[in-house]
Amino acid sequence: MEIKTEKRDNAQIILVSGMLDASNYQKFEEDISLLIQGGPDKIVFNLSNLEYMSSAGVRAFLKTNRTIKSKEGVMVFCCLKPFIKEVFEIAGLDVGFKIFADVESAVQFLDA
Amino acid sequence: MARRPPELIYSVDEKPSNVPLFLLGLQHVFIISISLIFPVVIVKTIGGSDADAMFMVSMGMLAAGLTTILQSYGKHGIGSGYLCPSLCGPSYLSSAVMAAQTGGLHLLYGMIFLSGIAESLLSRVITKLRVLFPAEVTGVVVTFVGIAVLPIAFPRFIGYNAETGFINTTDLFIAIVTLAIMISLNLYTKGKIKLYCVLIGMIFGYLLSAMLGILNYSHIERILDAPVLGFPDLSHFGLAFNITLLIPFLIAMICSTLKSIGDITTCQRANDLDWRRPDMKNLSDGILTDGLADVISGLLGTFSQSTSSSNIGLSIGTGATSRYIGYSIGIVLIILSCFPKLAMLFVIMPSPVMGAALLYTVCFMVMAGLQIIMSRMMDIRKTFVVGLSFLVGLSAMTPVFYSNVPEIIRPIFASTLSLATITVILLNLIMRVGIKSSKVLEINPKENNTQKIFDFMKIQGGIWGARPEIITRAMSAINEAVEAVSFTNPDINRMDVKVTFDELNLDADISYKGSPFEVQTSRPSEKLIEEDENAIADLASYMLNRYADKVSSQKKGDLSHIFIHFDH
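Chains Z and H are the protein sequences, given in the same order. If you count the first sequence from 1, you need to add 71 to reach the working numbering. If you count the second sequence from 1, you need to add 2 to reach the working numbering.
Only chain Z is shown next, with the shape it has when bound in the complex:
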């Protein structure tokens, strides 16, 4: 699993690639925590390259959201592949989080 970041306007775009599962969710949580420490409070998770996510990955995003909310920040998702969209629906993440079709729409929402 790989993480790349990019700044756009006032938002931090975090591109998550590969698989997010029980073997790497803790490292993911730690890496994201370091990224957002003292950093931007508007996060877009670009999941266009995320091939698979298990329940452990769901937990990682929920915990990350808790951390961002504690700093009064906002996180949204974009570019979900069909399987990841299904995982979000099963896990109920599509109710609590904003999901966008592309990065631009997500950034526009955060800027508004």
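Keep in mind that the hints were calculated from the coordinates and are not lab data. There are no misleading hints in this set.
Okay, derived cross-link-like pairs now, EDC-like style, lysine to aspartate or glutamate, Cα gap no bigger than 20 Å in a straight line: (1) 156/Z with 528/H; (2) 192/H with 16/H; (3) 113/Z with 165/Z; (4) 98/Z with 532/H; (5) 77/H with 281/H; (6) 142/Z with 533/H; (7) 194/H with 16/H; (8) 98/Z with 534/H; (9) 343/H with 223/H; (10) 140/Z with 533/H; (11) 454/H with 73/Z; (12) 142/Z with 532/H; (13) 134/Z with 535/H; (14) 196/H with 9/H.
With beta-carbon atoms standing in for the labels, derived distance ranges: (15) 498/H with 137/Z: 34 to 44 Å; (16) 559/H with 137/Z: 38 to 48 Å; (17) 194/H with 137/Z: 54 to 64 Å; (18) 74/Z with 444/H: 26 to 36 Å; (19) 81/Z with 502/H: 50 to 60 Å; (20) 79/Z with 283/H: 54 to 64 Å; (21) 470/H with 137/Z: 31 to 41 Å; (22) 75/Z with 535/H: 22 to 32 Å; (23) 389/H with 97/Z: 42 to 52 Å; (24) 192/H with 143/Z: 51 to 61 Å.
We put the CB at the ideal spot given by N, CA and C, even for glycine.
Given chain Z, work out where chain H should sit, using these hints.
Using the frame of chain Z, we list chain H on its own:
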């Protein structure tokens, strides 16, 4: 309950109003009438009379009409219930010529009658032979029913004269314009014009043919000379039999049956958005009716009738798959069989118009076959089964390769369809050697197993020819089960995942030495998941339950089991 595809204008159970019903039926009748050249070819080959030819053509219309109605019926075990018109079936052409040359037309009728009985009996056991007809076999057959029409369609399209070896450019021009009109109307129009695109194209083809002299007064004379009303001449009826022709006709029957399986499968698929696999009971009823069609054909004294791939392609291409159109077709054909004057309108159809209409419909058949092949996961075995069948089947387009094949098996090599069909069935059986219906994957839960599970399931899915969406759900479910167990039993270092597959079921039995697995039917709250890491196991169990069709757990001795089932 079948889900109606949105692109259909009239689906299988919808009845068009009277005028579209008649016109749509007429459109199909034009395509069916193209196959009436087969009886004419047979009669001319044996030097028969015009009366013989007209009789076979009239009885061909009557047989096609009756069996199209029966096929549309779809109740009490008769018919598939789909718009699956019948016409003179190409599978029997070479064996039919053989029979007519050996013992005259009565022998032909008798052997077709016998083939019909054989096919009717075969229909009763077809469900048990499912292993012979996986998606790649029926898909190859359906593709080749389109390809097999080429030797009839293409020479007519390009105006090829076999005697001179030259192309008639006038014919080619008419064919191109006719085909262009059909395609343009389908692509760029909606509603009724799109529905009748083939009929409109054919009418333009007739008019253009008349303008350019392909249709001339001699054709009009034939219509004028034909009697208004015609009833069968009883001297034409009769059945004869010859045991030496049994093998070629049985081979032709198998090809025809497989083609009909492909045709009816295509109808099932075209009328159900959620189609996953052939409905075997429905297939059995459809094949029984196909067999009865030959029994009727033999008794009436005409060429073998079979489900029409071209017409199915037409129904898909126009979005009108209503079974009521089948009744309309049947009634029109039965009436035409009594009116030689009207029937003559079809008999004089210009060759380029025939060629254009056939090429149009063949496109849909070829695509339907390819879609059936690709609806399942492929592996290297299936690559060879499909690839070699295509190559060997296409080799029949060069008949000189097989000119010295023994007469008794020559029908197999006489057409791309029969050769591809026999090849794909044999290759499928051969390639099944060594395929196990179940496989075990050993896992150490302390390692990263996601990729290992995914690779295992992808390989097995390809070997089994499973549906890709089921394999995706299965690998996700198995991974969630493994992750859940590793959270609740952190000390175990071995789990066995046994996966079993047949055409209807995919099952996983995950066993380990540890505490029993709890199946969660409700999703743990977000708060719980955030605060308690162990709640991941509950979430994994819940997600597993959502992916699978059935989940259960059991403790047997010191082994705990998780049973995961998927309907395939």
